[in-house]
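**Student:** In order, the protein sequence lines correspond to chains D and U.
At position 233 of the first sequence (counting the first as 1) the number is 233 in our numbering, and the numbers step up by one without a gap.
At position 61 of the second sequence (counting the first as 1) the number is 61 in our numbering, and the numbers step up by one without a gap.
There's no promise every hint is true.
EDC-like cross-link-like pairs, simulated, lysine to aspartate or glutamate; straight-line CA separation at most 16 Å [claimed, not checked]:
1) D/Lys326 <-> U/Asp30
2) D/Lys265 <-> D/Glu282
3) U/Lys3 <-> D/Asp220
4) D/Lys29 <-> D/Asp11
5) U/Lys3 <-> D/Glu79
6) D/Lys7 <-> D/Asp220
7) D/Lys219 <-> D/Asp238
8) U/Lys3 <-> D/Glu313
9) U/Lys3 <-> D/Asp111
10) D/Lys321 <-> U/Glu32
11) D/Lys321 <-> U/Asp30
12) D/Lys231 <-> D/Glu37
13) U/Lys3 <-> D/Asp238
14) D/Lys172 <-> U/Glu47
15) U/Lys67 <-> D/Asp40
16) D/Lys243 <-> D/Asp274
17) D/Lys187 <-> D/Asp274
18) U/Lys3 <-> D/Asp306
19) U/Lys67 <-> D/Glu37
20) D/Lys326 <-> U/Glu32
Hint data in this document are derived by calculation from the structure and do not stem from the laboratory.
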Amino acid sequence: MYAQMVKSTGDAVKSREEMSDDERHFQDKVDANIKVEPRDWMPDDYRKTLIRQIGQHAHSEIVGQLPEGNWITRAPTLERKAILLAKVQDEAGHGLYLYCAAETLGVTRDDLTEKLLSGRMKYSSIFNYPTLTWADMGAVGWLVDGAAIMNQVPLQRTSYGPYSRAMVRICKEESFHQRQGYAIMMKMAQGSAAQRKMAQDALNRMWYPSLMMFGPSDKDSVHSAQSMAWKIKINTNDELRQKFVNETVPQAEYLGLTIPDENLKFNEETGNYDFSQPDWDEFFEVLKGNGPCNTDRLNARRKAWDDGAWVREGLLAHAEKRAAAKVAAE
Amino acid sequence: MKKEWPLWEVFIRGQHGLNHRHVGSLHAPDAETAILNARDVYTRRNEGLSIWVVEARHISASAPGDKGPLFEPSESKVYRHPTFYDIPKDVGHM
Numbered sequence: 001m002y003a004q005m006v007k008s009t010g011d012a013v014k015s016r017e018e019m020s021d022d023e024r025h026f027q028d029k030v031d032a033n034i035k036v037e038p039r040d041w042m043p044d045d046y047r048k049t050l051i052r053q054i055g056q057h058a059h060s061e062i063v064g065q066l067p068e069g070n071w072i073t074r075a076p077t078l079e080r081k082a083i084l085l086a087k088v089q090d091e092a093g094h095g096l097y098l099y100c101a102a103e104t105l106g107v108t109r110d111d112l113t114e115k116l117l118s119g120r121m122k123y124s125s126i127f128n129y130p131t132l133t134w135a136d137m138g139a140v141g142w143l144v145d146g147a148a149i150m151n152q153v154p155l156q157r158t159s160y161g162p163y164s165r166a167m168v169r170i171c172k173e174e175s176f177h178q179r180q181g182y183a184i185m186m187k188m189a190q191g192s193a194a195q196r197k198m199a200q201d202a203l204n205r206m207w208y209p210s211l212m213m214f215g216p217s218d219k220d221s222v223h224s225a226q227s228m229a230w231k232i233k234i235n236t237n238d239e240l241r242q243k244f245v246n247e248t249v250p251q252a253e254y255l256g257l258t259i260p261d262e263n264l265k266f267n268e269e270t271g272n273y274d275f276s277q278p279d280w281d282e283f284f285e286v287l288k289g290n291g292p293c294n295t296d297r298l299n300a301r302r303k304a305w306d307d308g309a310w311v312r313e314g315l316l317a318h319a320e321k322r323a324a325a326k327v328a329a330e
Numbered sequence: 001m002k003k004e005w006p007l008w009e010v011f012i013r014g015q016h017g018l019n020h021r022h023v024g025s026l027h028a029p030d031a032e033t034a035i036l037n038a039r040d041v042y043t044r045r046n047e048g049l050s051i052w053v054v055e056a057r058h059i060s061a062s063a064p065g066d067k068g069p070l071f072e073p074s075e076s077k078v079y080r081h082p083t084f085y086d087i088p089k090d091v092g093h094m
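Starting from the given sequences, assemble the full structure and let the hints guide the process.
**Tutor:** Here is the structure:
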């Protein structure tokens, strides 16, 4: 997902007998759906895992601006341009909500940024794929934001208060993102033969990377089991992926586009669509840094950070000077 | 120079005459910029008519451990609520 393969303790979930009094009390609270707030006691590993997860989620929002930002100056109409600008600005906002939530756990913003830029923290694999045509703006909104929503809606109920509140805000804003993407796809699918072809090509390229967003199957993962016990993960990756496929197939049919999977078939018995898994070797290569755009994305973020340094420093120096002058005048 | 902009807590008053409400936080070099940033980050959809920002270090908060002594006393004071009192129907609306 926006946070993929977040590691927790690596140990099996503790039984009640193995827990300390604090841990037991904490788990009871989580089980009773009482939110954990920044200054409450929490296990160290809960804190660490959350910083990793929220940080990765925030980085994904920020890096996620790049593939779409790529098309702002080339949007086909002024209206489309205004919409895309608004969407990309929302992503920046979402990143900021999440960074603030992470900071309540005792990590600094600069530390998170530095870890992203040095490659020690990850962002979602999906943003390492290029956006080659305007139809990709449609496919990204429809599929990528659609997949993100699948994950984010249940996370509104997560145990950590500031994270949950950020998710509520994000979900409220996110459905416009998916709809504007689908609207682009509708327009192109109903357009000329060349436009339909472009829409189909975007779907072909984005389909499997979108399925990868949920991460590999984690039904046997100890990390996921711990995160689920702490309610910082609500569903398994497979559950969310299946839900995404079930919802997306009819949407593709409406567009008259074909999902690039010969094995895709509705299963009367399970009530789900059967589908092919994405190429997980490719997924791990992208995570390792070998996707088509990993280098570009990180370089763009580093350049923005370095080029902005004089602004950050200058504004702070100015604020300090003015504050000192004000004190002197009093 | 390796120094972060200070953290500000943001409060927004919405359309309907309610109090300013905490909506989140952000970093900014000074109060003026914090208000401008808050407009961009927290009011992109008509959420507010007024913004307050307070530097986070100036906020004092009750300790989580004091929850009991601070708030439990009010749990037993049912007579502070209007529903505690039975007023006969004949008296009319009160």
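**Student:** Hint by hint, say whether it matches the structure.
**Tutor:** Going down the list of hints, with the structure as the test:
1. D/Lys326 <-> U/Asp30: 13 Å, holds
2. D/Lys265 <-> D/Glu282: 24 Å, violated
3. U/Lys3 <-> D/Asp220: Cα-Cα ~43 Å, so violated.
4. D/Lys29 <-> D/Asp11: 21 Å, violated
5. U/Lys3 <-> D/Glu79: With a Cα-Cα distance of about 40 Å, the restraint between lysine 3 of chain U and glutamate 79 of chain D is violated, given a limit of 16 Å.
6. D/Lys7 <-> D/Asp220: Since the Cα atoms of lysine 7 of chain D and aspartate 220 of chain D sit roughly 13 Å apart, the hinted pair holds (cutoff 16 Å).
7. D/Lys219 <-> D/Asp238: Answer holds: lysine 219 of chain D to aspartate 238 of chain D is near 8 Å, not above 16 Å.
8. U/Lys3 <-> D/Glu313: 8 Å, holds
9. U/Lys3 <-> D/Asp111: The given pair, whose Cα atoms are some 11 Å apart, holds under the 16 Å limit.
10. D/Lys321 <-> U/Glu32: 14 Å, holds
11. D/Lys321 <-> U/Asp30: 11 Å, holds
12. D/Lys231 <-> D/Glu37: 14 Å, holds
13. U/Lys3 <-> D/Asp238: Not satisfied, since the Cα-Cα distance of roughly 43 Å exceeds 16 Å.
14. D/Lys172 <-> U/Glu47: Roughly 12 Å between the alpha carbons, so the hint for lysine 172 of chain D and glutamate 47 of chain U holds.
15. U/Lys67 <-> D/Asp40: 11 Å, holds
16. D/Lys243 <-> D/Asp274: 11 Å, holds
17. D/Lys187 <-> D/Asp274: Violated - the C-alpha atoms of aspartate 274 of chain D and lysine 187 of chain D are around 29 Å apart, more than 16 Å.
18. U/Lys3 <-> D/Asp306: Measuring from Cα to Cα gives roughly 14 Å; hence the hint holds.
19. U/Lys67 <-> D/Glu37: 13 Å, holds
20. D/Lys326 <-> U/Glu32: 15 Å, holds
Violated hints for the displayed structure, listed by number in ascending order: 2, 3, 4, 5, 13, 17.
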